[in-house]
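Novice: Heads up: the sequence lines are chains A and B, in that order. Quick note: the first sequence uses my numbering, first residue 1, plus one each step. Quick note: the second sequence uses my numbering, first residue 1001, plus one each step.
It should be emphasised that the hints constitute simulated quantities derived from the structure, not laboratory data. Hints are not guaranteed to be accurate.
Said to hold, decoys possible - Derived CB-CB ranges, DEER-like:
# : chain 1 : residue 1 : chain 2 : residue 2 : range
1 : B       : Glu1243   : A       : Glu333    : 17 to 25 Å
2 : B       : Thr1089   : A       : Val206    : 22 to 30 Å
3 : B       : Ser1202   : A       : Thr331    : 38 to 46 Å
4 : A       : Glu333    : B       : Glu1186   : 34 to 42 Å
5 : B       : Val1058   : A       : Asp41     : 36 to 44 Å
No residue lacks a Cβ here, since even glycine has one placed at the ideal position from N, Cα and C.
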Amino acid sequence: MPTVSTKSKSSRSIHSDNHTLKPEQLLRFYSYMRLTREFEDTILRLYQQGKIVGGAYSGNGNEATAVGSASALKKEDYLFPLHRDMGAHLVKGQTILNLMLQHLARDSGLTRGRDGTGHYTDPSLRIYGNISPLGAMVPVAVGVALASKLRKERVVVMNYIGDGGASIGEVHEGLIMASAMRLPFVLIIENNQFAYSTPTTKQFLVERLSDRAIGYGIPGVTVDGTDVVKVYEACTEAVERARKGGGPSIIESVTMRMHGHAAHDNAWYVAKGLLEDWKKKDPIMRFEKYLESAGILSKEKKASLGKEIETQIEDAVRQALSRPYPPGEQTLEDVFAK
Amino acid sequence: MSNPITYLEGISEGLREEMRRDKSVFLLGEDIGTYGGAFKVTKGFVEEFGEDRVIDTVLAEAAIIGAATGAAIVGMRPVAEMQFADFVTNGFNQLVNVTARYHYRNFIPVPLVVRLPFGAGLRGGPFHSVSPEAWFFHTPGLKLVAPSTPYDAKGLIKAAIRDPNPVLYFEHKYLYRHVKSEIPNEEFVVPIGKADIKREGSDITVITYSAGVHWSLEASGIVENEGISVEVVDLRSLLPIDEETILRSVRKTGKVLIVHEDTLTGGIGAELSAIIGAAAFEFLDAPIRRLAAPDTPVPYAPTLEDYFLPNAHKVADAIRLLAEY
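The following block holds chain A by itself, in its conformation from the complex (with noise of 0.2 Å):
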């Protein structure tokens, strides 16, 4: 039998020395979440500006998650992210200008203006997106990790759901199809404390969404989902573990939603005082000052890689805003493969 824990080891001191990543996968770290931020706060100016004419999402709070989980991943492995996972698509090679000519809808888009955000699928980077109904393709992730053992090919699907898509059957359904054939899959829940307006006291009793993981099987953890190590250490787990047949696992991943659910949203319901709190555990500041301490990041490389990012973002957004949108006659193409 596997065994589960879903004890969360003490993890608000974090960045200890205590692990052994070299100092090249930890500025690594640090980058993507710098980019990350940068790009969920310009795809939020550019809703303001009415550039972006859907649903505008922010992985605020999320980025030691996002860049964490799918940094456990290899290429050859796939990513079935969510819509606050920027960094995780930006982690598994997803260039910044195609993420955002997926936001503006452009033709040169991943979808050629068919859907939004990032919900997109590219085969080349095994990047599958999500869809609006969450829990959805937990399934679909489940039967590309079967094709994957059927095909005797060693590789392991990454996906990920919230505390509130964690209710949806589909989720329950996959999960139990995953354990019962021992499927190399790997559930990240983002337990960011809010689905949409509802609190997480009004969505479940266990004390752990890992705790689920008792029901089927599988070894299930609680980590701080705000320190970007810590996620990496139990996502390498899971992943190993699962690359060697070892099945499934759940791991929780505890972070605040900084921002509301989308742009539209202020979040008027959630109390000031759990924002300040959380606020205290930005991931990025976290970190940042871990490496400052550690002697890995100087003032002169944090300012380097801001400008860097800046210049990168910028460039992305000046090219996709030159872009055009789809035809409308294009609407007809495309419903059925040839």
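Please arrange chain B on chain A, whose structure you already have, making use of the hints.
Specialist: Relative to the frame of chain A, chain B by itself:
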């Protein structure tokens, strides 16, 4: 021609041939492996193809359809079995929100077949008898086929497996062992999107599919003695609809009866009526008639189910009314 085979054997033969032909084809569903399927369509398959290609799944239709979709988008050719078509509702979100829209949004083929044992006549009651095709008929991105003969059953399952799109394959449980005919020994495929004239006639066109074809053929024989010549168009594919074949027949006869086992309101007959009304109005000598089950759940008691279902005599009566018009 071979020895006569049943409709069910037609499906089995088609599945087996495609699995031998293409290693990426695999089956998944409840009780399809060791047990051979609730109706024995996959009897002997696990022995020939092994447990990796004939997969007994957990009892979870959303997971079955979702997993099949996942396997399809990475290049496999899964055939998912719903034990009864009634249970497909558990996987409805997968089919309409994920599967059907996948290519349109991502330009990735979804070569998936979902087999749906459907239809009444076996005293199955409200949850083992439904004809759910109209729920999916309204979903862009899906193809729907519903064979009526062993030949079409075999040819269409092969075409469905080879199609790069999700195909819902409606196999009628009553026809499984009640219909038997010879089929060619040589390999053949029945193309999706082509209707078939199952009987030629000149006075009235009956448009139907699946079990309706057999009621309509029997009814055509009955009214022939009364001097009414009936043409029976078997749709075979519900999506896409073969409008050309339908309209050609309607223009020839000028009178149309649409027959289906599914309930009347919002059924496929409604769309066919609109198509014919728009494209062949000036050829019509009578209002388009529809014969379908009443708008009720499928009831259990023999008296109730018999009342609910269309049959050859009800079709013959509807034909007579049209002939008199």
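Novice: Go through the numbered hints given earlier and state which of them the structure violates, listing their numbers in rising order.
Specialist: none
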